[in-house]
Amino acid sequence: MTAIIDYGVGNLFSLRSSFAAIGEQAEVTGDAAKIADADRVILPGVGAFADAYEKLCQSGMDEALRRAAASGKPVMGICLGMQLLFERSFEYGEYPGLGLLKGEVVGMEGRIGPGLPIPHIGWNALNIKRPGGVLKYVNEGDCVYFVHSYYAAGCEDSLTATTDYGLELTASVQRGNLYGCQFHPEKSGKVGLSILRAFCELEG
Amino acid sequence: MITKRIIPCLDVKDGRVVKGVNFLGLRDVNSPVELASYYSDCGADELVFYDITASAEGRGLFTGILREVASTIFIPLTVGGGISSLEDFDRVLKCGADKVSVNSGAIRDPELVKKAAWRYGDQCVVLSADIKRVDGQFRVFARGGRDDTGIEAIGWIKRCVSMGAGEVVVNSIDTDGVKGGFDLPMLEAVCEAVRVPVIASGGAGCAADFTELFRKVPEVSAGLAASIFHFGEVKIPQLKAELRQNGINVRL
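Chains as they are written, first to last, in numbering that gives the first Met the number 0: chain A, 0 to 203; chain B, 0 to 251.
Quick caveat, the hints were computed from the structure, so don't treat them as lab data.
Bear in mind the structure is a predicted one, so any value in this text is a computation, not a measurement.
Each residue gets a CB set at the ideal place from its N, CA and C atoms; glycine is no exception.
Warning: the hint list may mix true and false statements.
What the simulated footprint calls covered on chain B by chain A, stretch by stretch (three residues with Cβ under 8 angstroms from a Cβ of chain A suffice, anywhere in the stretch; the number is not a length) [to be verified]:
id, segment
1, 7-16
2, 68-77
3, 192-203
4, 229-242
Please model the complete structure; the sequences and the hints are all you need to start from.
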């Protein structure tokens with residue numbers, strides 16, 4: 000069973016439905032015991048970093064997530080959920096993250112050059128840096144759906160794919176049993192579902 | 000590099016798609032679920048569902064349909080129509096919408112944009128503006144393009160973006176239904192004024208209109224249309240192939 004952590008952030012309807020679509024059991028839960036029992040864990044998230052981090056900690060889900068990460072079972076952060084895995088974020092100030100991955104989250108404003116809309120919204124191609132893992136079924140150049148204004152930087156040691164938007168933005172990361180996607184696999188059609196399938200096939 | 004998005008818009012009344020849709024091979028041409036799946040398979044990058052129901056009963060049917068679509072189609076879904084409160088946002092987001100588009104609701108209460116962006120994030124709030132030229136000025140119209148609000152459109156859009164609208168749909172009343180192409184001067188004016196993605200709507204009659212749109216106003220992120228897709232006048236796979244041949248980056 001895959002536990003999708005519920006900490007009051009974001010819309011989990013599609014994420015839950017997409018696991019159902021690939022025939023995998025998934026439960027949206029804020030129960031630490033269920034997360035401890037799960038075979039794998041998803042940390043979702045949309046909205047602002049500081050607010051989400053605070054909610055994660057207030058709900059006690061930060062500890063549940065740390066225990067899951069330490070247990071060696073596959074853990075994947077999606078969008079803001081991925082950003083929370085890093086050391087800090089500069090979204091509306093400077094805020095600490097979970098620090099499970101090396102790197103920090105910075106804004107596109109002033110870095111991607113003028114002429115490109117912010118947020119980065121839409122389907123963009125993946126440049127695969129390190130194949131396998133959750134990208135097992137993904138081909139170079141496959142498009143996935145992004146919605147974000149901030150991105151992870153300084154994470155070369157975990158980088159598995161990038162996407163071009165003024166510069167090469169971090170699209171996905173992996174280190175050990177920790178995975179992260181900046182894009183939304185649950186909104187990325189067949190390519191996205193193949194990523195969730197590959198995640199479910201990982202050995203814990 | 001990011002691809003230009005092609006977005007079909009479906010009008011839904013009492014849980015059924017209106018404006019006869021004539022595709023071959025669909026068992027039920029008015030079923031939102033079948034149509035959504037058809038468009039998703041064709042390569043639509045996103046879908047907009049516009050609820051034109053007025054009754055509470057119709058609203059219930061709509062959210063039921065939305066739930067069903069969101070359980071089977073895994074591309075972004077935007078919902079609009081009659082959104083005038085945070086409760087309306089909540090109702091459709093819980094049923095699987097990813098983004099909510101506000102139009103008249105924001106004109107009645109501009110704070111709605113701010114409140115919704117604060118609660119659900121900027122990415123969730125799409126400002127939809129029906130715009131028409133009046134006395135040499137771009138003017139915002141309300142109630143489906145019927146009422147001149149007297150509000151100057153560019154200032155209105157800037158204000159809504161500063162309050163947290165994460166995307167803007169520009170629907171030109173001047174070109175809507177004419178099928179003579181998108182309203183390029185209006186789109187240019189909006190793209191110059193805001194940094195968020197701008198979606199062009201109103202005026203597309205053929206595939207070449209999309210090519211012209213993305214060539215002449217490259218800042219535009221997406222093209223939205225309804226009847227030309229529903230009546231098969233423009234087929235999305237051919238449209239995307241043509242765009243790519245013309246050097247415009249699309250997802251195939």
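Tell me the numbers of any earlier hints that the structure contravenes, in ascending order.
1 and 4
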